[in-house]
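On the provided structure of chain A, position chain B as indicated by the hints.
So the sequences go chain by chain: A and B.
Per the numbering used here, the first sequence starts with residue 21, numbered consecutively.
Per the numbering used here, the second sequence starts with residue 64, numbered consecutively.
To be clear, the hints were calculated from the coordinates, so they are not data collected in a lab.
Because the structure is a prediction, the values reported are computed rather than measured.
Ideal Cβ positions, reconstructed from N, Cα and C, are used throughout, including at glycine.
Heads up, some of the hints might be wrong.
[To be verified] Cβ pair distances, simulated, as ranges:
1) ALA190/A to GLN362/B: 46 to 54 angstroms
2) GLN342/A to PRO84/B: 50 to 58 angstroms
3) GLY135/A to GLU173/B: 42 to 50 angstroms
[What the hints assert, rightly or not] Below, computed lysine to aspartate or glutamate pairings styled on DMTMM-like, alpha-carbon distance capped at 25 angstroms:
4) LYS341/A to GLU169/B
5) LYS137/B to ASP353/A
6) LYS367/B to GLU480/B
7) LYS26/A to ASP476/B
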Amino acid sequence: MKGLLKILPPLSPDYAGASSALYTLGGAIIINGADGCIGNVTGYDEPRFFDYNTHIYSSGLREVKAITGDEEILKEKIDNSVGDKDVSFITILGTPNSAVIASDHKGVANILRRGQRIPVFTINTTGILTYEKGASNAFLELAKNFIEDRPTGSGVNIIGASPMDYWGEAQIKSIKRAIENRGLQVNGIWGADNSLESIRKALMSEVNLVVSYSGLKAARYMKKKYGIPYIAGVPAGRQFSDHLVEMLKSPESEVPVVPEVQPSTQRGVKRALIIGDQIWSMSIKAYLGLEKEITDVYTASFFSLDPVYRSETDLIIDSEKQLKQLISRLKPDLIIGDPLCEGFIEKSSPSSDIEFIGIPHPAVSSRLHWDHDIVYAGEELSF
Amino acid sequence: MIATDTLYSISVRNLIQEVEPRKYRIDRESYPHFCPPGAGHWGMVKMAFQVPEIAVVFVIPMGCGRHGGIATMKEGLAGSLSYLPIAEVDIVTGDHLEKTEEALSELIEEDSPKGIMLFTTCIDDLLGSDYDSVFFRLERKYKVPIRRAKMNPLMSLSKKPPDMMIYNSMHDFLQNKEKIPRLYNVIGTPCPIDPESEIHSIFSNAGLKPLQHIGNFKTFESHMALGHAVGNLLIGIAGLRAVEDMKKKLGQSFLPVYSIFRPEGISENYRLLEEYLGVKLETEEYQKELLSFIDSKKQFLEGKTAVIGTTLQAAPFELARFLTELGMKVRYITAGFIRPYEREHIPWLEENSPDLKIIPSVEPSLSSVKEPVEHVDYGFGLDTPAYFDVDYLIDISNDDNLFGYIGTIKLIDKILEADEYNMSIKELVYSQNLVV
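In isolation and in its complexed conformation, chain A is listed as follows (with noise of 0.2 angstroms):
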């Protein structure tokens, strides 16, 4: 994001996207900064802080440390805190200083896999960059140190389910629920699963749904490796959810293609705008098309764009400012986005008669909106 940000909070960085993805498989994760990166982490990118005990720590790195890059302690000090500890990895995760005065993470880790018998890697994160960024990276290591090689089964595997993304229980329940009613068994959901089994079984499955961007790179990296099939796509409604599964059951294609449907002005929207992560709203986009005859939908997002997925009408918002100008151009009837982009409506036309959906992405509003009861996913949208 360029510019000053007045209306948004600063956005969720990418080891609180990496924490995320990890945060519930029984590993040590140790954020390598001063303990105010931990913060954000425990208190403002991850839902599920009160109700699991997870071995996240901080190095709490200190000016002398950090200044003579004394990588000793760092070591020392996981070896102190994990070593009594039944953990079943242990992972490094970069800030802002550890990236300043370049820390060598993997070195570390490599001295620390000696002493080891658990997994023990790095996630290059440097807090500067966005969630997405750390969670896709996380998944990925997932994949490379966790998969057992077993026979190929059946079902299905989803990727990219933490809650930085917009995957919190109800919609999970709902994205399964929505797979298994048309006959598919979902095996593991990564980002949402309590143990590391379901990473363990991934080859167990003959396909990979990938929910959210944070999942492509681990679901890319699956199919070069052992050749599974993923297509990206969320459940959003019942024609999409239908079309979606037919996909995973025969997956030539990893993008979804959406039966064309004619323009309408049902409820007298002409032309909608979603905000949020490229893959959900893509799903939403193909929702609006099938279910509400909203053809004329334009996507944006503050987080990355992979380019398969993209269109010319999937932007990348790098400042408020655009954002502004974006509504201001492009004159939608219908914003889907975060709670918080309701601020850009106010201040960009005040006048106007825009409907508003407020979907919270934690990664955007983090715990000011995530405990909605909103279903935004599966056959039951509440949208």
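Same frame as chain A, now just chain B:
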């Protein structure tokens, strides 16, 4: 109940021996830090907004400032708050300085703030970013004062930790004004002293002017009155660097008279104040009132168990001694540091409360605690229900800012009148909106 050996703690009997070599830091040196639920405080944004009518701007990597931003939105704080995210390339090229100048220019032109407090983070300390020349150009062009503040936990163990330096920044807009005799400021707590504290009438009866605190002022111009004071009463140690700085820049002397609860300590504070102010303070009536109040209430507190946490606007070891003197049994204190003025209480606690244990505030073994460590009658501090089964929760918040004899009476009242605690820790933390 968990096996308490899972949780690391230090017996009060070994405390000095263990922490003295590490300069009275309780947190263990070669261990990482856990972030316990419930720990936190006002946060930098709320502190900064004590300066009226200024704009607060953070120049940050995305990973910093999210906590303050969300907490500010949650609380609905009025004020101009904005964030300027830094990209990786800016850090390498130093372009963040240029972008800061552009952003501040735009902000001044659009919002016309009376002043700007610009927060930088740890990485600017590492990079040695030179904001002074940016401020110089902008101040010359727009005639708007700009001051730098630092949200840099990297410096937490230095002589200029962020929790202290925020007070310097809050008072940095002041100018060296003509001094008004008998006018004093209160420094070191985010809020003014409780208006019901006896200190206000004691000052008035002694012919002193009403105490000033930055939180009393509604406009930027009016807060400049703080510069007219002849001296500062340092009631919270967090303000120490600020009063030292104000002594140099504004010519204001200062006296440490920290907020405490023991009657003997309060009396000693007033004695020191008499010496410093050069006037006789009529305190006897209030002292008698407190002692008599304690006598009448002590029986209700005898034998009650308590734990002390980290969110209190109080010195935990002094509070532990006071509660023990009331007949309570303090089982645990969670703290990161022993303040200099509290060290005298450790030998007393060692002798009179030998079973007391101290848990380091960021102790990593806290992440293994799955069930309450112990049942206690009272938890002092919003973080205590995270690890203890508390019947009653007592908060001594920044907003209370208890001080003097009446402060102690109010504390005892809080204990006696506390409602039963029946929230989840999540509900509690979210409702209090503390910033880690």
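Hints, verified against the model:
1. ALA190/A to GLN362/B: 46 to 54 angstroms: Because 52 angstroms falls inside the window, the suggested range holds.
2. GLN342/A to PRO84/B: 50 to 58 angstroms: 55 angstroms, holds
3. GLY135/A to GLU173/B: 42 to 50 angstroms: 56 angstroms, violated
4. LYS341/A to GLU169/B: 12 angstroms, holds
5. LYS137/B to ASP353/A: 29 angstroms, violated
6. LYS367/B to GLU480/B: 14 angstroms, holds
7. LYS26/A to ASP476/B: Between LYS26/A and ASP476/B the Cα gap is close to 43 angstroms, so the pair fails against 25 angstroms, i.e. violated.
Checked against the numbered hints above, the structure breaks hints 3, 5, 7 and satisfies the rest.
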